[in-house]
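Here the sequence shown stands for residues 1 to 294, numbered as in my numbering.
One or more of the hints may lead you astray.
25 Å max Cα-Cα, derived BS3-like pairs, lysine-lysine [as the list claims (entries may be wrong)]:
no.	residue 1	residue 2
1	LYS218	LYS100
2	LYS4	LYS100
3	LYS218	LYS288
DEER-style ranges, computed between Cβ atoms [to be verified]:
no.	residue 1	residue 2	range
4	MET159	ALA210	30 to 36 Å
5	LEU23	ASP206	55 to 61 Å
6	VAL88	PRO198	21 to 27 Å
7	SER257	PRO198	56 to 62 Å
Because the hints were derived from the structure by calculation, they are not lab data.
Just so it is clear, the structure is predicted and the values come from calculations on it, not from any experiment.
Virtual Cβ for every residue (Gly too), placed ideally from N, Cα, C.
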Amino acid sequence: MSIKRRRAIAGLVFISPFVIGFLLFCLYPLVQSIVFTFNQLRVTSNGYELEFIRWENYRRALLVDTAFMPTFTGTIAQTLTELPLILVFSFLAAALLNQKFRGRAMARMIFFLPVIITSGVLTRLEEVDYATGLVDQTLQEMRQMGTLGIAARQFMMAMRLPQDLLNYVAFAVDRIPQIVSASGIPILIFLAGLQSIPQSYYEASDIEGATSWESFWKITFPLITPLLPTNIVYVMIDSFTAPTNGVIRLVEANMWSGAGFGGSLAMAWMYFAAVALVLALSLKLVSKHVFYQQ
Numbered sequence: 001m002s003i004k005r006r007r008a009i010a011g012l013v014f015i016s017p018f019v020i021g022f023l024l025f026c027l028y029p030l031v032q033s034i035v036f037t038f039n040q041l042r043v044t045s046n047g048y049e050l051e052f053i054r055w056e057n058y059r060r061a062l063l064v065d066t067a068f069m070p071t072f073t074g075t076i077a078q079t080l081t082e083l084p085l086i087l088v089f090s091f092l093a094a095a096l097l098n099q100k101f102r103g104r105a106m107a108r109m110i111f112f113l114p115v116i117i118t119s120g121v122l123t124r125l126e127e128v129d130y131a132t133g134l135v136d137q138t139l140q141e142m143r144q145m146g147t148l149g150i151a152a153r154q155f156m157m158a159m160r161l162p163q164d165l166l167n168y169v170a171f172a173v174d175r176i177p178q179i180v181s182a183s184g185i186p187i188l189i190f191l192a193g194l195q196s197i198p199q200s201y202y203e204a205s206d207i208e209g210a211t212s213w214e215s216f217w218k219i220t221f222p223l224i225t226p227l228l229p230t231n232i233v234y235v236m237i238d239s240f241t242a243p244t245n246g247v248i249r250l251v252e253a254n255m256w257s258g259a260g261f262g263g264s265l266a267m268a269w270m271y272f273a274a275v276a277l278v279l280a281l282s283l284k285l286v287s288k289h290v291f292y293q294q
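Whenever a hint applies, use it, and build me the whole structure from the sequences.
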């Protein structure tokens, strides 16, 4: 047996646990879930029975269920609205943390702390609050009172800013906790990108007499754009699969009641297709403006 063939066999043996696990625990359940969307599932004493109903589950989700479409469109709209806010905040925070100042390590830890915390206790608290609605009710009352503040609103209105911009700023202020919580990983990615920029570029720009503003737009921003697609993918997937995501909650609620198992899976697959489409369009739009250093 040749060395090349032995290496090929060794490689196949090495990846065989992943291949077997993928086929049994990922691909097979995915295909089975697609089959369930075209059937009415009934649980019996011997397991379950399937009744083929074609596209009925999809029709019910789109045309009969009164909660799916508003939740579906609202979730996607909210994610697309929050995405620029999270990216801008993450980049500004990373640029700040990249500077040399006393207590920089502590500041970096504080910004990354939400990622560690939300992986455990707070995730469970969010799940419980989704059922009780206590925090959401409090936030709604704060919004009615005007979180942005009367003075700030009057100042912005005096500047004759468009109402849509004013509403967007108010939305950003109301979502500050969620934005900060979702910015931990993007900050880390942007910070790694900023630290990878050669210092000689800035030294050359200083010699040429460039200002800090010019250095930012000519050096920092172009060289950091390759990380935008990575952060967009992370932020969108994190938002679309969050424990408090409305569509995810609706699918779980309909799993054993309402639309049934097949209907809930039909909702899930339509949601997956929409997320994939939005993600692909976002990456295609952003990739046109990404600068890759040769």
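Each hint tested on the structure:
A hinted pair counts as satisfied when its Cα atoms are at most 25 Å apart, and LYS218 with LYS100 qualifies at roughly 22 Å. A distance of roughly 52 Å separates the Cα atoms of LYS4 and LYS100; the hinted pair therefore is violated under the 25 Å criterion. Only pairs whose Cα atoms come within 25 Å are accepted, and LYS218 paired with LYS288 is accepted, the gap being roughly 17 Å. The given range of 30 to 36 Å is respected by MET159 and ALA210, whose C-beta atoms sit roughly 31 Å from each other.
The hinted range of 55 to 61 Å is satisfied by LEU23 and ASP206, whose Cβ atoms lie roughly 57 Å apart. The beta-carbon spacing between VAL88 and PRO198, approximately 25 Å, falls within the hinted interval of 21 to 27 Å. Taking 56 to 62 Å as the suggested C-beta distance range, the pair SER257 and PRO198 conforms, at roughly 59 Å.
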